[in-house]
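> Based on the hints, put chain H in the right spot on chain L.
Protein sequences, first through last, are from chains L and H.
Numbering of the first sequence is given in this note's numbering, commencing with residue 421 and proceeding in unit increments.
Numbering of the second sequence is given in this note's numbering, commencing with residue 382 and proceeding in unit increments.
Among these hints, one or two may not hold up.
Derived pair list, reagent style SDA-like, types lysine to any residue, alpha-carbon separation capped at 25 Å [said to hold, decoys possible]:
1) K502/H - S518/L
2) K447/L - T515/L
3) K574/L - K459/H
None of these hints come from the bench; they were simulated from the model.
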Amino acid sequence: MEADVTVIGSGPAGLTAAVHAHESGAKSVLLLEREEELGGILKQCIHNGFGLEQFKKDYTGPEYAERLIEELEKTNVQYFLNTMVVSLSPDKTITAVSPEKGISHIKSRSVVLAMGCRERPRSSINIPGTRPAGIYTAGVAQRFVNIDGYLPGKQVVILGSGDIGLIMARRLTLEGARVKGVYEIMDYPGGLKRNIVQCLNDFDIPLYLSHTVTEIQGKERIEGVVVSKVDQKMNPIGGSEQFVPCDTLLLSVGLIPENELSKEAGVELTPITKGPVTTETMETRVPGIFSCGNVSTVFDLVDYVAETGMIAAGNAARFAAGDWKKGKNPVEIIPGENVRMLFPQQYSFKDDLILFVRSAKPIDKPVNIELSPLGVRLKRLYARPNEMIRFKVSRDKLKDVTGPVEVSITER
Amino acid sequence: MDVEKKHFTCVICPIGCEIDVELQNGNVVSMEGNKCEKGKEFVLQELEEAMRILTTTVPIKGAKWAMLPVRTDKPIPKRLLSKVIEQLADIELQAPVKMYHVIVKDVAGTDANVVATRNMKKVNHPKDAKKDLISRKEG
Chain L
421 MEADVTVIGS
431 GPAGLTAAVH
441 AHESGAKSVL
451 LLEREEELGG
461 ILKQCIHNGF
471 GLEQFKKDYT
481 GPEYAERLIE
491 ELEKTNVQYF
501 LNTMVVSLSP
511 DKTITAVSPE
521 KGISHIKSRS
531 VVLAMGCRER
541 PRSSINIPGT
551 RPAGIYTAGV
561 AQRFVNIDGY
571 LPGKQVVILG
581 SGDIGLIMAR
591 RLTLEGARVK
601 GVYEIMDYPG
611 GLKRNIVQCL
621 NDFDIPLYLS
631 HTVTEIQGKE
641 RIEGVVVSKV
651 DQKMNPIGGS
661 EQFVPCDTLL
671 LSVGLIPENE
681 LSKEAGVELT
691 PITKGPVTTE
701 TMETRVPGIF
711 SCGNVSTVFD
721 LVDYVAETGM
731 IAAGNAARFA
741 AGDWKKGKNP
751 VEIIPGENVR
761 MLFPQQYSFK
771 DDLILFVRSA
781 KPIDKPVNIE
791 LSPLGVRLKR
801 LYARPNEMIR
811 FKVSRDKLKD
821 VTGPVEVSIT
831 ER
Chain H
382 MDVEKKHFTC
392 VICPIGCEID
402 VELQNGNVVS
412 MEGNKCEKGK
422 EFVLQELEEA
432 MRILTTTVPI
442 KGAKWAMLPV
452 RTDKPIPKRL
462 LSKVIEQLAD
472 IELQAPVKMY
482 HVIVKDVAGT
492 DANVVATRNM
502 KKVNHPKDAK
512 KDLISRKEG
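Isolated chain H, as found in the complex:
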């Protein structure tokens, strides 16, 4: 029967065990290199479904800055990262926004919400303010 070999670097703690796994028909038949049980759990989770937190930005109008930082409020399947990014592509927010304000609920069917990771105040005419600053500099 075919034996499939896979390699993982555990990221549960800073040690970062290098773990080798052998699979037969998708079942783990051997695992080497993990110094603790958590490493085993990590590998099994990676094999079943690798999960990651996604952090990115979305455009915001009426704020001091052009972009608002956001995150998923829990890990989502790694294979869906780019799908979530695509889903966020058409969003444009309006300031003010409070931290943890939900921007997209149940994003890409992952059950996770995309939330703001900071407060962003409304600023009146940010471009005019900038112009003013430049003219003052030149004056």
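Bound conformation, chain L alone:
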């Protein structure tokens, strides 16, 4: 099989990319999804708050997915469900397997990576104790409750204050479970403020900052956890241990871009985002392979995921059509003072730069976000690690840059 553009994954990034590749003139667009339905994680995110910036609407995850699927159905994009990509080569040959077709090979002119991210499991944070049943990542519990109709437990402790953990605190409470508390190792919450208010405060669920779970107890089923306060270096403080009985522990301790396929294709990754090194065009270091959404870096908002999907798809269509000049060598965009994460990491002089930045610590004072040596700056009232900052720098301002661009966040 052959295609102009092949999109791997049909979550918000992949759906948007497939539609937009078609709209950008790609003649044959393929969308590959390993599950039996389109939509990715949106299907289980039944809460609202999706598309506020993109559509100026307050959709739930499933509504947002249906809207994108409706747009997809109007195009001639071919999509294959139950189709798992097992390998991707640097020359953009895709090997996929499905129950219907067995093994198939697709030769694609360009590829859009949209595989999303995965939750960090217990083993990635090394909690001591026994290994009983009743320990789930927040997203797995979300799937059980919202799609399969199972309640994972009745007395719940949540470790980590990421958005999925907060959303699940409310969800489990509404379904009749008692959420005893959300414990966060950092001294600020991981999730968005609106989720702290509407998911915890509304239901009187306590949030314990600078706390973590230091032991899991129970033989067959989890019977409780020991929680401890932590010091500024995040080490547990001796003597602060408290036993909290529970039958369920949810982990909401971070997400990691899923780049097994990217690695196989020789795509260079960066430890800053754990995703591919890309330019403002979303092109990776392998020509013709683009990446977007949470496989690039974990975004806070679906609007940003979709935006990167549009950029990647437009350029993938251009690449497939042969309308892609090598141009000037890209310059590096590097994190400076108080910048923990930035995306993309290179600028290739082809387009305006949409830059995403995350601050290293919370600053609840007016800040400047500065691009040195450009002198371009954005003024903001605050900068917090749990809220990505998005801003656009026009191609015109960047055209004379010759060396690396350093991004910093400083108090005003």
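Chain H only, in chain L's frame:
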């Protein structure tokens, strides 16, 4: 006279102003921390009647999945959230269902409707299909 103090985090925009309010006989006598008028409106609404969108699921038969996601089509009083959940407890739907199909009208007297938030197709014998898949795997 007794002064009652209350604290709010505004959720109108991502800034999330921390707003302190003093009340006397239920009337606002001072408000501090809001950076704009919208924050004031938010607090006054919260004091009068906190309103929230409710999203949850209801069981569905004859579909690929066990649960159908639903929402209220407009915000409802926060104090009625659990009442609406209770009212939905006895409902069981039959596939197919179209997105925005009204499942309960004027739920718990709130004037809001509970509607489906996705399409869900009818599937013939979903359990048999699953069994088939398992036996194929083992075979």
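> Each hint: holds or not?
Taking the hints in turn, this is what the structure says about them:
1. K502/H - S518/L: holds (22 Å)
2. K447/L - T515/L: holds (21 Å)
3. K574/L - K459/H: Holds: K574/L and K459/H sit about 23 Å apart, inside 25 Å.
The structure agrees with every numbered hint stated previously.
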